[in-house]
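Asks: Listed here are the chains, written in short residue letters.
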Amino acid sequence: MSDVISRQQLLELVDAWIAQDKRAIGPVAVGEDLHLFMSMSDSGQLAMEGYIRPQNSIKEFFFPRHEKIYRYHFKGHNIELEDVEPPATEQLIIGARPCDAAALPILDHVFNWDFKDEFYNQRRNATTVITLACATFDDNCFCTSVGLSPAAEQGSDALLLSIGDDGYEVRCLTDKGKALFEDKTQSSEKTGEVIDGPEKKFDPEPIGDFVRNNFENPVWQEIALRCLGCGVCTYSCPTCHCFDIVDEGTASGGARVKNWDSCQFAMFTQHASGHNPRANQIHRQRQRLLHKFGIYPEKFGAILCTGCGNCMRNCPVELGVLNSVEILREAATRNTGEGK
Amino acid sequence: MIDQLRQTCRKLLEDGTVNVVIGYGHSGGGRNPAGQSTPDGPVHPVFITRPEDVDTLVWNDRCFANLTVYLTRKEIKALGKPAIIVKGCDERALVVLEQESQIDRSAMYVIGMACDGVGDPHALKCAVCDVHRPRTADIVIGETAADAGNPEARYADLDAFLTKTPAERMAYWTEELARCVKCYACRQVCPLCYCERCIVDKNRPVAIDTSATLKGNFAWQIVRAFHLAGRCIGCDECTRACPAGINLRLLNQTLARAAEEHFTYRAGMDPETPPIIGSYSQTDEEDFIL
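These protein sequence lines are chains A and B, in that order.
Quick note, the first sequence lines up with residues 1 to 340 if you use the working numbering.
Quick note, the second sequence lines up with residues 1001 to 1290 if you use the working numbering.
One chain only, chain A, in its complex shape (with noise of 0.2 Å):
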């Protein structure tokens, strides 16, 4: 037996929600090859199904590409501060991928750390997360290499698997997915079908260990020359999660604000002195697969990457995790054939 909603009252649901003031977000088609999740102003715009996975991911509605932390005024010499209260606007993400959702728990530990960021906390309390467990796959894909799947429930609020034209099976997984399924669903003989996912491609732990003890490996090279440089790879990645902090304003006052900031900018690691100690895309990329396989999880446990293969499909010049990775491994059997 099974929980079910059809895709009807799924989308009287949303809608609902909408009504209510409160703020949803799903896929939405943008193009005819391009999805995005975005606000939705009514449930028609939600793009459940039909592609591989919107090529952003849903990092933004919790930790926003430009969040303003405070305000300030010139009065005469003296500097007034004013404070902005963390967003308290209820949100509701539906038809998230499993590799967004896992992304969240990844994301608390750096939002929890040594600093408790209100703003990020606040959005996540706000927030119910609606997860659709995949039932296809591409070649980019590789959820199954880093310890997920195609129905993963990591960061989810309730999971949604589609039984066909009837709608979904749903499997609440926190006191916020029970209180939003709540009296919708129908009891059913109908459960949905869990997929194998892609083959496991890698594993990421010697990926790791080659990562942490060969900084100075011509690999890096190797990975690095096509690399032009931009920050789609860390822009569309549910996990990268780095940050500038600016002043903006005008003579008479302004706001501090947080921007998203990615590794592979020269501007990055650029000292006021000129100096830069990440001076080229060799030394960028080491940097972001490093944090990925050996940094973040000698901190925090876990491995900085869901498989969304994100990073893959957005690169200009196919240059992503999954590719970098076989490149690493290449190079690590090398090492361990010449016997070092």
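Since the hints were made in silico from the structure, they are not lab data.
Beta carbons are placed, not taken as given, at the ideal position from N, Cα and C, and that holds for glycine.
Where hints are given, some of them may not hold.
Short derived list, chain A residues pointing at chain B, Cβ under 8 Å [what the hints assert, rightly or not]:
1) 34
2) 226
3) 228
4) 229
5) 246
6) 250
7) 314
8) 319
Chain B: place on chain A using the hints.
Replies: Chain B only, in chain A's frame:
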């Protein structure tokens, strides 16, 4: 075609004419478990320095990237004298780069590929392309039956767009640019965005908001387009690279048409025509000021 390409590159590397071939290839995901290239795998830029590696070169309708972007990169320059593979559209960037003293054509070997068009269906630029066969390359490989394109249709998208009211156009750009996350993929793939330090990266003082807000995004995309006015060669790499699907092509076309209408100039078409931004003429009209 591919055999001739590989043979040409092998010879160039073997006889020391060049040190590196900048071309298209498969690796990683594009190989089967036996390590052979898979014909439908993704294609990406490769840098080949050993003659024995030329067999990894490919040529097909997924060779989207404009490889000339690499010619001004330090890490690529460090590999030595390059041979570069260009399509007719990419080749226009070489002309502009040379006019702007960014490259020395005599210090490279240009391999032109006759091109029927990329993408399936073909990219928008290919439908109106009039440079299917490269014109200034050291060698042109292959033949193409593709015709010269219809110059009337070159700005068809723009013409259609300009029938909208200013308010409708503003609404359109507001919706498009709201999606910009400022990943700067548009800038990084552009062969003509070669500034050592882009104006958006200047922070003492800040010239352009770094925020990916509507204000910051409009500022960025307008600055980007203006800096490419009379320089953009219409390769549409920015549009292909944009993860938010923003129609940057339309913005670029606006300026390309202004250059064509007011100065009968198309960037990168003719190495002998002085670039409009880099030349002065007393006969320039003054009634068109951006």
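Asks: Look at each hint and say if it fits the structure.
Replies: Results of checking the hints against the structure:
no.: 1; hint: 34; verdict: 4 Å, holds
no.: 2; hint: 226; verdict: 5 Å, holds
no.: 3; hint: 228; verdict: 4 Å, holds
no.: 4; hint: 229; verdict: 5 Å, holds
no.: 5; hint: 246; verdict: 6 Å, holds
no.: 6; hint: 250; verdict: 12 Å, violated
no.: 7; hint: 314; verdict: 5 Å, holds
no.: 8; hint: 319; verdict: 7 Å, holds
Consistency note: the structure conflicts with earlier hint 6 alone.
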